[in-house]
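Taken in sequence, the protein lines are chains A, B and C.
Numbering follows this note's numbering, with no gaps: position 9 of the first sequence is 9.
Numbering-wise, this note's numbering comes out as the position in the second sequence, counting from 1, plus 1000.
Numbering-wise, this note's numbering comes out as the position in the third sequence, counting from 1, plus 2000.
Rather than coming from a laboratory, the hints here were simulated on the basis of the structure.
It is possible that some hints are incorrect.
Below, computed lysine-lysine pairings styled on DSS-like, alpha-carbon distance capped at 25 Å [stated by the list, open to error]:
| no. | chain 1 | residue 1 | chain 2 | residue 2 |
| --- | --- | --- | --- | --- |
| 1 | A | Lys79 | B | Lys1156 |
| 2 | C | Lys2215 | B | Lys1064 |
| 3 | B | Lys1052 | C | Lys2162 |
| 4 | B | Lys1039 | B | Lys1448 |
| 5 | B | Lys1448 | C | Lys2250 |
| 6 | B | Lys1064 | B | Lys1156 |
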Amino acid sequence: MIVQVDASVYDEAVLHKALYWLGKDFISEVTHLNGTFEVKLTKPNGEILTKDEQHSTEEKLRQSLIDYKTRSVILSETKNVRDLIIMKAFFHFSDEEINFDELLTSE
Amino acid sequence: MKTTDYYLLPFHFDKFNDKEILVNLFGDFLIAEQGTAEKTVYREIMDESQIKNLVSNHFISQSKYPANMDILATRYRTKKSFLEEFTALHIIVVTLNCNQACTYCQVSSINSTKNTCDINWEDLKKSVEMIFESPSQHITIEFQGGEPLLAFDKVKSAIEYAESLNSQHQKNITFVICSNAIGMDEAKLEYMKQHHVLLSTSLDGPEAIHNRNRKFHTDASHREVIKGINLSKSILGEENVSALMTTTIHSLPHPKEIIDEYRKQGFRNIFFREINPFGYAVNNRIADYSTDDFIRFYKEGFEYILELNRAGEVFIEDYAAILLRKILTPFSTGFVDLQSPAGIINSVLVYNYDGYVYVSDEARMMVEKGDHFFRIGHVNDGLKKIISGPKVAEIAKHWSNESLPGCSDCAYQVYCGADPVRNYLKTGDMEGYRPESEFCHKNKTLIKYLIEKTLAPDNYRIFQSWLAN
Amino acid sequence: MERVFTGTEISLPYDEFVGKVTSIDKEGNCAILENPLYDGKVCVHSGETMTEFHHQVQIKQRTLPEFRTGDVVRVNKAGRVEIHHSEGRNDNALFITENCNCNCVSCPQPPVKRRDFDYFFWINQQIIECLDDSCESIGITGGEPLLAEKYFFHTLQLLNDKLPNANVQVLTNGILLGSERYFESLKELVDKRYLFGVPLYSDFPDDHDRMVNFKGGFYRTMNGLYNLATTEAKIEIRVLLNATTVGRLKQLSSYIYKNLPFVSHVAFMGLEGIGNALHNWNQLTVDYSKTMQELEENVEFLSNWNIPVSIYNVPLCNLSPSLWPFVANSISDWKRHYSDECNQCLVKENCGGVFSTSAKSNVKVEPVLELTPVHSREG
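Construct all of the structure, not just a fragment, from the sequences and the given hints.
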């Protein structure tokens, strides 16, 4: 089966993460053409999917894409603060002086 | 505070039955309506009390640089506090000799009349010295085998050498012997009592199950083990004798009977351990069950345990207790199989009878099949050299689930762990493949199951009684 | 008879004398006060001439208040007497200042802006001088004691020197503890005998800040608590049971467990209807019968995690019997009150009574006439 994914909405990293979990049941091939990812999913044994199976697989993939997109926003918005929390957590093991305010404001 | 005026803090989320679970960096979780994570990210939360929950549970912050940075850092440090002192658990494999032929054994069982596969004296001494190179103030030295009682002289020697070195280091040391208790006698127990050595033994269930799993030459394994356990308890004290079970295909239909056997023998806790599908287990077909089979077995046993607790008997399932400690409390656990960075090396090191150092128990057992991938050095090398070596550096790239595919976005990441050894055994590389990982499937399922259980107040009370110390 | 106070031997700032009652005459008409820092004794009397004492003060009341030997008493030139310390009393404390950096919606004693650190320090210095080892425990209150800064530190130093074995309970909003600079000076003075009682009104910072009238108060207090956790001092979190707080009691209890697991005690406190609390009564008052389940659940929640819990300032008749084991005798002796009907109550002995000072009250006193067996949960 083939699923079209809008590349302006979902970037490659998001797509690959969503496809990772389908890897148990499907072989996936992705081609990037004209702002769209064309995702070809085939069963390893070559079996053809029923209409229902196709529908449910596509739905799962689409929901997965939405979730991974949300996750990627969290990741990018919180990258700095996450690094800071971890640094501050283990700071007392380091010998350096670190200015945390400075680190956060520098993007 | 305006409901749109906030900054995100790091968190994960996932579908949770017909709802959604959000989990922050420290394991605090919220169960909310589906779509809550998305709404939080896109600033579409309308409910003021939900905003308050998100702030106080550290999902969002009212300022770009969180005003409670100290709290966040402390919470994170607390969750990772098992790292603080580096390796605390040190396993010395004193011999491969054994007086049993357990169906799932991963090491060759050699008749006790032979005397090969004992650790030599020099390597034993060096192992103890290396143990003291670990900066940890709390050390557990665990003797394994084969059957350590068959090399009791070596065990004694190691204990006494450790005690003499400790007069200088002043660490807090716990000694444990992992034994089938069949070769136990009063003399050995008196020695153990004198040196405060704990006993960890194996009890797979009532006689029928235990004997099918763990063969002793007269087929009297269970009887001998119970004799050994009772003798040990009478001399060492009940609280210093513990038992572990392994689940085989024979165990699956009988979780209640196994629990009842533990209760009968005076134990107040049980650890439902899934079999490692390696070693002899493969040949003997006793590992021929799926993770789902094990999960069914586990849930049936766990429901029974909850019933017992509701009736007033405090009986604990250890694996659940470990997970619940991560889920319900701000604290971390010392359980090496569920840590990130992984417990291998950071929490446990194994000094094998062959004089080499391995990253975990499973790692040293691989050697019997000819694979020493996780051999990280020799006891003569010195700990610093081993830890800073290329092998450990390579392993370190795969030992945090924060950066493993399939784990890095997982809602249950903070409750789970990374297991490079298992990944390697299953797939040939330390990264593993999450969609087919039984470790992942089992842990995800059990974590979700337990979280669901905590939502009922009477279960929550039971879990508090297990965890509050 | 003329009132004589200062003589050439005793020269007192503020025209006040603080001393320990060393003797009281048989008729109770006169008490002798002595202070180790001064030679000579001061006689406090109700009117009869005592010519052998050079320093005498006639008190304003007709008869001497109930002095006992050992009490530490302050008397001023005009004859006003105050007992600062009395063995067996449940509220012996050193008052540091009337100033405060907050203005809590529920404050029973609204702050005053006046430079009073040195005045109260002088009094406390005298009080400490008159105390001895028989004093096992003492409080430090205000206003906000930490505002007195070096006077506060000095007071602690004097206490540590004179009473090295006494327990010290400091009541504070904790805000200044959040300042690293401030904490640096304080941490050397506190040890395991110290308990800091700190109020938290909510798990949500803005709600707490609104209750204490200090923007950023929540985070500063939390910082202060984290600083305290690095010392051996104990921490008590005080939760006032009011309309704002009870709505999120579960969230607050959970917040305390997750983020302050090191506290030694949590106290849920009933309202005292005076001062700001009286003024804001409608905003604050709660009906205990409607919130009993929340209270029970959260007391149990914390207690089951091994965080000791107490309930202060709520009489037993207003609480379900399952909570009675947690109730403490918390109201100061001098303002503890029982109604006439309480004489019929079966559990009066164990009850802390109500505030005599409350002009408004959310408590309905009803004597317990029957004791039903308390059913324990889950076997």
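A quick look at each hint next to the structure:
Pair hint Lys79(A) plus Lys1156(B) does not hold up; C-alpha atoms about 52 Å apart against a cutoff of 25 Å. Our distance criterion of 25 Å between C-alpha atoms is met by Lys2215(C) and Lys1064(B), whose separation comes to about 17 Å. The hinted pair formed by Lys1052(B) and Lys2162(C) fails the criterion: a straight-line CA distance of about 47 Å is larger than 25 Å. Taking the CA atoms of Lys1039(B) and Lys1448(B), the gap is near 23 Å; set against the 25 Å cutoff, the hint holds.
Of the supplied pair hints, the one linking Lys1448(B) and Lys2250(C) holds, its CA atoms being roughly 23 Å apart against a limit of 25 Å. For the hint linking Lys1064(B) to Lys1156(B), the alpha-carbon distance of about 59 Å lies beyond 25 Å, and the restraint is violated.
Violated hints for the displayed structure, listed by number in ascending order: 1, 3 and 6.
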